[in-house]
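The hints should help you fit chain B onto chain A, whose structure is shown.
For the record, the sequence lines run as chains A and B.
Per the working numbering, residue 134 is the first one in the first sequence, and the count goes up by one each step.
Per the working numbering, residue 34 is the first one in the second sequence, and the count goes up by one each step.
None of these hints come from the bench; they were simulated from the model.
Computed from a predicted structure; not experimentally measured.
Yeah, the Cβ is synthetic: ideal placement off N, Cα and C, and Gly gets one too.
Heads up, some of the hints might be wrong.
Said to hold, decoys possible - Output of the computed footprint for chain B on chain A, the stretches with three or more beta carbons under 8 Å from beta carbons of chain B:
1. 359-369
2. 539-547
Claimed, not checked - What follows is a list of derived Cβ distance ranges for each label pair:
3. B:A598 - A:G152: 41 to 47 Å
4. A:D431 - B:L564: 55 to 61 Å
5. A:A170 - B:L87: 56 to 62 Å
6. B:G93 - A:W138: 54 to 60 Å
Stated by the list, open to error - With the Cβ distance kept under 7 Å, some of the chain A side facing chain B (calculated, not the full set):
7. L533
8. G567
9. P599
Residues per chain, in single letters:
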Amino acid sequence: MMLFWLIAVPLLGGAACWGSERVLGRGAATLALVVLALETLLFASLPPHAGDGGGWLMQLAWPWIPRFGIGFHLALDGISYLLVALTLLLGFMAVGCSWPEIDRHRGLYYLNVLWTLAGTIGVFLAIDLFLFFFFWEVMLVPMYFLISIWGHENRAYAAMKFFIFTQVSGLLMLIAILALVFCLEHSSGMLSFDYLDLLGQRLDAGTARWIMLGFFVAFTVKLPAVPFHTWLPDAHTQAPTGGSVLLAGVLLKTGAYGLLRFAIPLFPEAAREFAPAAMGLGVVGILYGAKLAFAQTDLKRLIAYTSVSHMGFVLVGAYAFNAYGFQGAVMTMLAHGISAAALFMLAGALQCRLHTRDMGRMGGFWTAAPRFGGVALFFSLAALGLPGLGNFIGEFLVLLGGFRSNIALTAAAALGLVLAPVYSLHVVQRVFHGAAAASLPADLRASELALLAVLMTAAVALGIRPQPFLDLSKPALAGASLIPESRRAAAGAKPEQVGAVGAEGTQGFGGGGRGAVR
Amino acid sequence: MLNLLWLVPTFPLAGFLAWAATGGSLPNRWAPWLGAGTVGLAAVLTAGIGAEFLTQPPPGNHFRQILFDWIGVADFRAEGALYLDALSLQMLFVVTGVGFLIHVYSAGYMADDLGQARFFAYMNLFVAAMLILVLADNLILLYLGWEGVGLCSYLLIGFWYDQPENGYAARKAFVVTRVGDTAMALGLFLLFDRLGTLDIQAGMARAVDLWPSGSPLPTAAALLLLGGAVGKSAQLPLQVWLPDAMAGPTPISALIHAATMVTAGVYLIARTQVLFHLAPEVQGLVGIVGAATLLLASCSALVQTDIKRVLAYSTVSQIGYMFLALGAGAWSAAIFHLMTHAFFKALLFLAAGAVILALHHEQNIFRMGGLRQRLPLVFWTFVAGAAALVALPLTSGYSSKHEILLAAYQASPWLWAAGALGALLTALYTSRLVLVAFFGPQHAEVHPALPVTVTLPLVVLAVLSIAGGWLRMPLAPALPEPEIHSGGFALNLVTAAIPMVGVVLALGLFRQRAEAAAAGPSPFVADVSRLWFSGWGFDWIYQQLLVRPFLGLAAVNRADVVDAAYRGIARLARLGHRALSASQTGRLRWYAAAMLLGTVLVLAAGVVS
Chain A
134 MMLFWLIAVP
144 LLGGAACWGS
154 ERVLGRGAAT
164 LALVVLALET
174 LLFASLPPHA
184 GDGGGWLMQL
194 AWPWIPRFGI
204 GFHLALDGIS
214 YLLVALTLLL
224 GFMAVGCSWP
234 EIDRHRGLYY
244 LNVLWTLAGT
254 IGVFLAIDLF
264 LFFFFWEVML
274 VPMYFLISIW
284 GHENRAYAAM
294 KFFIFTQVSG
304 LLMLIAILAL
314 VFCLEHSSGM
324 LSFDYLDLLG
334 QRLDAGTARW
344 IMLGFFVAFT
354 VKLPAVPFHT
364 WLPDAHTQAP
374 TGGSVLLAGV
384 LLKTGAYGLL
394 RFAIPLFPEA
404 AREFAPAAMG
414 LGVVGILYGA
424 KLAFAQTDLK
434 RLIAYTSVSH
444 MGFVLVGAYA
454 FNAYGFQGAV
464 MTMLAHGISA
474 AALFMLAGAL
484 QCRLHTRDMG
494 RMGGFWTAAP
504 RFGGVALFFS
514 LAALGLPGLG
524 NFIGEFLVLL
534 GGFRSNIALT
544 AAAALGLVLA
554 PVYSLHVVQR
564 VFHGAAAASL
574 PADLRASELA
584 LLAVLMTAAV
594 ALGIRPQPFL
604 DLSKPALAGA
614 SLIPESRRAA
624 AGAKPEQVGA
634 VGAEGTQGFG
644 GGGRGAVR
Chain B
34 MLNLLWLVPT
44 FPLAGFLAWA
54 ATGGSLPNRW
64 APWLGAGTVG
74 LAAVLTAGIG
84 AEFLTQPPPG
94 NHFRQILFDW
104 IGVADFRAEG
114 ALYLDALSLQ
124 MLFVVTGVGF
134 LIHVYSAGYM
144 ADDLGQARFF
154 AYMNLFVAAM
164 LILVLADNLI
174 LLYLGWEGVG
184 LCSYLLIGFW
194 YDQPENGYAA
204 RKAFVVTRVG
214 DTAMALGLFL
224 LFDRLGTLDI
234 QAGMARAVDL
244 WPSGSPLPTA
254 AALLLLGGAV
264 GKSAQLPLQV
274 WLPDAMAGPT
284 PISALIHAAT
294 MVTAGVYLIA
304 RTQVLFHLAP
314 EVQGLVGIVG
324 AATLLLASCS
334 ALVQTDIKRV
344 LAYSTVSQIG
354 YMFLALGAGA
364 WSAAIFHLMT
374 HAFFKALLFL
384 AAGAVILALH
394 HEQNIFRMGG
404 LRQRLPLVFW
414 TFVAGAAALV
424 ALPLTSGYSS
434 KHEILLAAYQ
444 ASPWLWAAGA
454 LGALLTALYT
464 SRLVLVAFFG
474 PQHAEVHPAL
484 PVTVTLPLVV
494 LAVLSIAGGW
504 LRMPLAPALP
514 EPEIHSGGFA
524 LNLVTAAIPM
534 VGVVLALGLF
544 RQRAEAAAAG
554 PSPFVADVSR
564 LWFSGWGFDW
574 IYQQLLVRPF
584 LGLAAVNRAD
594 VVDAAYRGIA
604 RLARLGHRAL
614 SASQTGRLRW
624 YAAAMLLGTV
634 LVLAAGVVS
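In isolation and in its complexed conformation, chain A is listed as follows (with noise of 0.2 Å):
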């Protein structure tokens, strides 16, 4: 039940702030930090952790459509534990940054942004397959309006071009679900949309091929890979500061959470097979993404083309099918969530104190408004994967554990490494050191910077004590049958186990999953 209020509070707070903007005028924002105050409340009273171990922190299950076993089925573990709390985090970021920038149809404003936290939480939660579909497609309208109503000069545009390329590969999605429930009924003679009963499935190679490379590109599409990115850049450049930061923050998770989720274990043979491949992706995606990001001279366009980078790292950790790169795959969507989202909420602010995103006319900043400059450092180091901050231990998991399973495409994916102070300081410099520009901003408020000290705290607590986050998603991966035997942990005490450690490195992928292969 709690799952479910999860959902509908703020589906329902959404509602509320639209019908009370005649009413309260301002106070929409108001009511929407409310809701999501109480939210956080309905949140903060789950339980963090599982009795049993099992993986599943809590469940929800009613009949829907039983007749072709739909139902509303619930879930939390602790990805989505995790996921759902960057979420709310995200969601008073959003709704707080927006306070100052929305002007106009306040209410309509704060109803799309909540009904697009409650789509998130419902992707994050349902494990029906049928009822995940939908949720992907709720999360998605409120976000077109968001782009097409309060978005910049080009919004219509990218909010067309975003629609297009979500609602295309929503519908290989849909294909793909029907696919693998259809075989599913064809093998056991049950109809069902749920995702434990699809798990143990046995597909024949063939087939599974097909319908995980349907999931996969759905969910290409939206981490971005390279080539499904090009919907990124222009949306997040047009769309309003809250939307950018529920976009890169949270949106693109969407993506990296349903690889973890379905595309992996639900073909585990098929999508090891893939891996390579995929992770080749990942590592364009990184390279890609990291030259891009450079050559633009837009500040938003810039940060969307390191969201490109940043999750390529995600998907090499995904296909590495090691605990390493599992865990770190997780580890680089909390931390790129928190940091991607703070520079969008700079440049947001830095475009409402100057009208332009055009870097070309910017410079100099750090004396007018140095702590701008400071937290604008701050989070591109964390950008450009500084240790101490969480998008190090990410990127470093990621890259262990890919090194684990293939050291050509770990090693040119490492190069990111090199690439990122590349773009990340280029950023620094244009904007805030040399000569100074024509107009200056105002330095930032007492309330943006609560906001950012905020973000801030949550990127050096990634980064300092990671291990919480790190404990809470490992039952998870190991649950969801991602880290096969993860147990072999003990492994640093004895020479001969370390032996056995160095041999398995050099046959590829972690051994215990191989066995369940054959």
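Below, chain B alone, put in the same frame as chain A:
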């Protein structure tokens, strides 16, 4: 006392955090007190810890302090743990001691700068990161310190951020060293993948158990770590960033780009010497890299006109000596030279800074001249540092460099020859610097009033440059002590005499020609000196091979070629839309004609088939 080890990096870190917590609005007048004070506390604490460590050595001659669990995934464990042995203690002394003196100096040097608080905050952060680097118990914590010092180097090179060229130098330093760091990161992945741990002591022990000497795995791992070391320590082929790093304030050049950070590569190799021992080829390569670097850099130092760039190339070359020593297996000699170099090179930079301050930011040595009378204290301290750099007998530099050269001879006469030639060149460029800047006619107006915060560190460091050789610590259990033969009387004599020959040669060469040097030399000499001046054209090569292609690629593909495909689809759809709507004319006869045509075509198709 040893249990207070964690406080050593914590003090300077607290200094930085105090600045950050106030949102950078810490008053400037507090900054020097906070900045120098925290490092001073760390130095005092280090002295106490060092005294206890040396008088009552802990069991096993090392002390390990686990602070917190950092990362744990499956069998990967990394703790926030500190490790103190003779090697890290030696580094601790250098970092906190020299660091403190440079902080005191900065209080005077940066007194008029508006960004003083920011300056000291970055300096404190640097010292904290450097202390973490040398105290780290595992390679990933070491990597954290390693990247942290790189960050501070970036921040401080670009400290005067309104000049775009400073920003360029700062980014160049960061990106070039990041190339090395990435190699090092891959080395860590390899080590963990094969050894199952990144704990330095356990990993080294396991490497000895598992890997035969000279096998491919230790060779690959050592090579990758060497990549990190040459980046940070500005050795071939990644040495290009250091001369440009002189864009930062002079105390930064002394602290980061002479005494501490740039020697981190030497520390890394010494710390993982077991691995290099298992990879003799790579260890040999370390020596060759050192020899080549020291020769190339001394040639470049010989023709520079900017006082800081002379010293920068000299630093590159002196670190080359340390690499030479590492390559020859003289581990403790390398660390010994690291320490004496920290004294005399910090001194030279600080004295140069005093000159620059007195001359209102004049850095060209040919516009100095005759400073001997006007700045006697600076002159004499500078000479003390120069003597140690040249390695004249009775200085600290002599003790360390002499030992390196003897060890090099034992490893290979060629390494010795390179080192000896380097010693000659060192004497030449150092004498040239002293003669041109401090002797001859006076060119510039001098304001000799220097605050005591500037002069006091100079005096202390001058004493250390001369007598610092006595502060050598036995590094025995931490580093193996190879037997160094005294090498016979002739070798000793030649090795000791070379620097003096160089000085005499320089007196003849540069005394009269201080001015003539700039006037028309022969074309060949001019070409060579232009090549040397540019640092052997490495910048040009990298510019052509890497930077320009990257910029070109970025410029060509700014609009993202992948998107063109999607734009093509959109255009196609629009085209179809336009074509079809053009047919929707509303005229009946067109429709009727089209229907007729269609019918005829269908019938024709039926008949033909």
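Comparing the hints with the structure gives:
1. Check on the region 359-369 of chain A: 5 of its residues sit with their Cβ under 8 Å from a Cβ of chain B, so the three-residue criterion for coverage holds.
2. Evaluation of the coverage hint for the region 539-547 of chain A: fulfilled, as 3 residues show C-beta separations to chain B shorter than 8 Å, against a requirement of three.
3. Between A598 (chain B) and G152 (chain A), the C-beta spacing of about 44 Å keeps the proposed range 41 to 47 Å intact.
4. For the pair D431 (chain A) and L564 (chain B), the supplied restraint of 55 to 61 Å is violated, since their beta-carbon distance comes to about 42 Å.
5. Taken as a hint, the range 56 to 62 Å holds for the pair A170 (chain A) and L87 (chain B), whose Cβ atoms sit roughly 58 Å apart.
6. Our hint of 54 to 60 Å for G93 (chain B) and W138 (chain A) holds, since their Cβ atoms are close to 58 Å apart.
7. A distance limit of 7 Å between C-beta atoms decides the matter here; for L533 (chain A) the minimum to chain B is near 5 Å, and the interface restraint holds.
8. The beta carbon of G567 (chain A) comes within 5 Å of a beta carbon in chain B, closer than 7 Å, and the hint placing it at the interface holds.
9. The closest approach between the C-beta of P599 (chain A) and any C-beta of chain B is roughly 6 Å, which is under the 7 Å cut-off, so the hint is satisfied.
In this structure, only the earlier hint numbered 4 is contradicted, and the remaining ones agree with it.
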